[in-house]
Amino acid sequence: MDDRIEKRIELKAPVSRVWRELTDHREFGEWFRVKLDGPFVPGQISRGHITYPGYEYLKWEAVVQKMEPERLFSFTWAHPKSLDKADYNPDYSGEPTTLVEFRLEKSASGTLLVLTESGFDKLPADRRLEAFRRNDGGWTQQMKNIESYVAQRP
Amino acid sequence: MSRKGRSRITAKRQVPATVFAALGDATRLLLVAELCRGQPRSISQLTAGSKLTRQAITKHLRVLERAEIVRSVRRGRESLFELDPEPIEEIKKYLDLVSEQWDRALLRLKSFVEE
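As you go down the protein sequences, you meet chains A and B in turn. Just so we're aligned: 42 in the working numbering is position 42 of the first sequence, and the numbers increase by one with no gaps anywhere. For the working numbering, add 1000 to where a residue sits in the second sequence, where the first one is 1.
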């Protein structure tokens, strides 16, 4: 069983544009669906709230690790034990964290973005998923919307 | 003093071994594979199919037990070990969920930068 996630995605946009989308806290918030209190600063805690409908009670808390312009943006974040509203605990101290890294590379069509999330080996098996399981239909529909939106674009 | 004593006891509470850490060992993976066949096995049976000592096998079984991947059941005078597939399934589901969330987030990112 693999204990890390890796995603590669080709973006038809210059590296500088993708870098801004990733590291400007307002632009990051748009696609990640989080309202952030302030800009990302290496070594500092980034705080905010999830804006995804139905999950506004979830707190965003990450520690910015590296910001190497147009190359690497990384942060660590906690995985709370429960995402279910009924037993959600907004205190993330002591929760295991994973490392999220965005690497950018210039490619023929624009930018190759490689996302990795690692450190899942520190997570116990008791993460609770009921909230997301219940919402599965909604997520699936949302993804279809995005896919058709992207497909329609030239 | 009494407060101090109490907090020491609380701190001693064992941190659960994680599924990944428990499975990150060749011997333990072999033991899990053996127990995957569905038959509860005794330490003697598990040792017979291995080059390791009974003591070593017991140690590995305890790690799997702490991660709640394996549980022991008593049958007569013997302790048998069987697989509890739930923690492995749970952590796999969690990884799949996080992975799906990234897929969706990256698609949203794509639609923004390609606008």
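Any given hint might turn out to be false.
Stated by the list, open to error - Result set (DSSO-like, lysine-lysine): computed pairs, CA atoms no more than 30 Å apart in a straight line: (1) A:Lys81 - A:Lys59; (2) B:Lys1059 - A:Lys66; (3) A:Lys66 - A:Lys122; (4) B:Lys1092 - A:Lys122; (5) A:Lys59 - A:Lys106; (6) A:Lys85 - A:Lys35; (7) B:Lys1051 - A:Lys81; (8) A:Lys85 - B:Lys1092; (9) B:Lys1093 - A:Lys122; (10) B:Lys1092 - A:Lys59; (11) A:Lys7 - B:Lys1092; (12) B:Lys1093 - A:Lys35; (13) A:Lys12 - A:Lys85; (14) A:Lys85 - B:Lys1059; (15) A:Lys12 - B:Lys1059; (16) A:Lys81 - B:Lys1093; (17) A:Lys59 - B:Lys1093.
Please keep in mind that the hints were generated in silico from the structure rather than gathered at the bench.
Results of checking the hints against the structure:
A threshold of 30 Å between alpha carbons decides the hint, and for lysine 81 of chain A with lysine 59 of chain A the separation of about 13 Å falls inside it, so the pair holds. The straight-line distance between the Cα atoms of lysine 1059 of chain B and lysine 66 of chain A is roughly 40 Å, outside the 30 Å bound, and the hint therefore fails. For the hint pairing lysine 66 of chain A with lysine 122 of chain A, the CA-to-CA distance comes to about 21 Å; that is within 30 Å, so the pair holds. Pair hint lysine 1092 of chain B plus lysine 122 of chain A holds up; C-alpha atoms about 14 Å apart against a cutoff of 30 Å.
For the given pair, lysine 59 of chain A sits about 34 Å from lysine 106 of chain A by alpha-carbon distance, which is inconsistent with the 30 Å threshold. As the CA atoms of lysine 85 of chain A and lysine 35 of chain A are separated by approximately 19 Å, the hinted pair is consistent with the 30 Å bound. At roughly 39 Å between alpha-carbon atoms, lysine 1051 of chain B and lysine 81 of chain A are farther apart than 30 Å, so this suggested pair is violated. Restraint check for lysine 85 of chain A and lysine 1092 of chain B: the C-alpha separation of about 22 Å stays at or below 30 Å, so the hint holds.
For the hint linking lysine 1093 of chain B to lysine 122 of chain A, the alpha-carbon distance of about 16 Å falls within 30 Å, and the restraint holds. Between lysine 1092 of chain B and lysine 59 of chain A the CA atoms are separated by roughly 24 Å; this keeps the pair inside 30 Å, and the hint holds. At most 30 Å may separate the alpha-carbon atoms for a hinted pair to count; lysine 7 of chain A and lysine 1092 of chain B meet this at roughly 17 Å. As the CA atoms of lysine 1093 of chain B and lysine 35 of chain A are separated by approximately 27 Å, the hinted pair is consistent with the 30 Å bound.
Proposed proximity of lysine 12 of chain A and lysine 85 of chain A is contradicted: the alpha carbons are some 38 Å apart, above 30 Å. Restraint check: the Cα-Cα separation between lysine 85 of chain A and lysine 1059 of chain B comes to about 39 Å, which exceeds 30 Å; the hinted pair is violated. For the suggested pair lysine 12 of chain A and lysine 1059 of chain B, the alpha carbons sit about 53 Å apart, so the restraint of at most 30 Å is broken. The suggested pairing of lysine 81 of chain A with lysine 1093 of chain B holds, with an alpha-carbon distance near 14 Å, which does not exceed 30 Å.
At roughly 22 Å between alpha-carbon atoms, lysine 59 of chain A and lysine 1093 of chain B fall within 30 Å of each other, so this suggested pair holds.
Going down the numbered hints, you'll see the structure goes against 2, 5, 7, 13, 14, 15, while the others check out.
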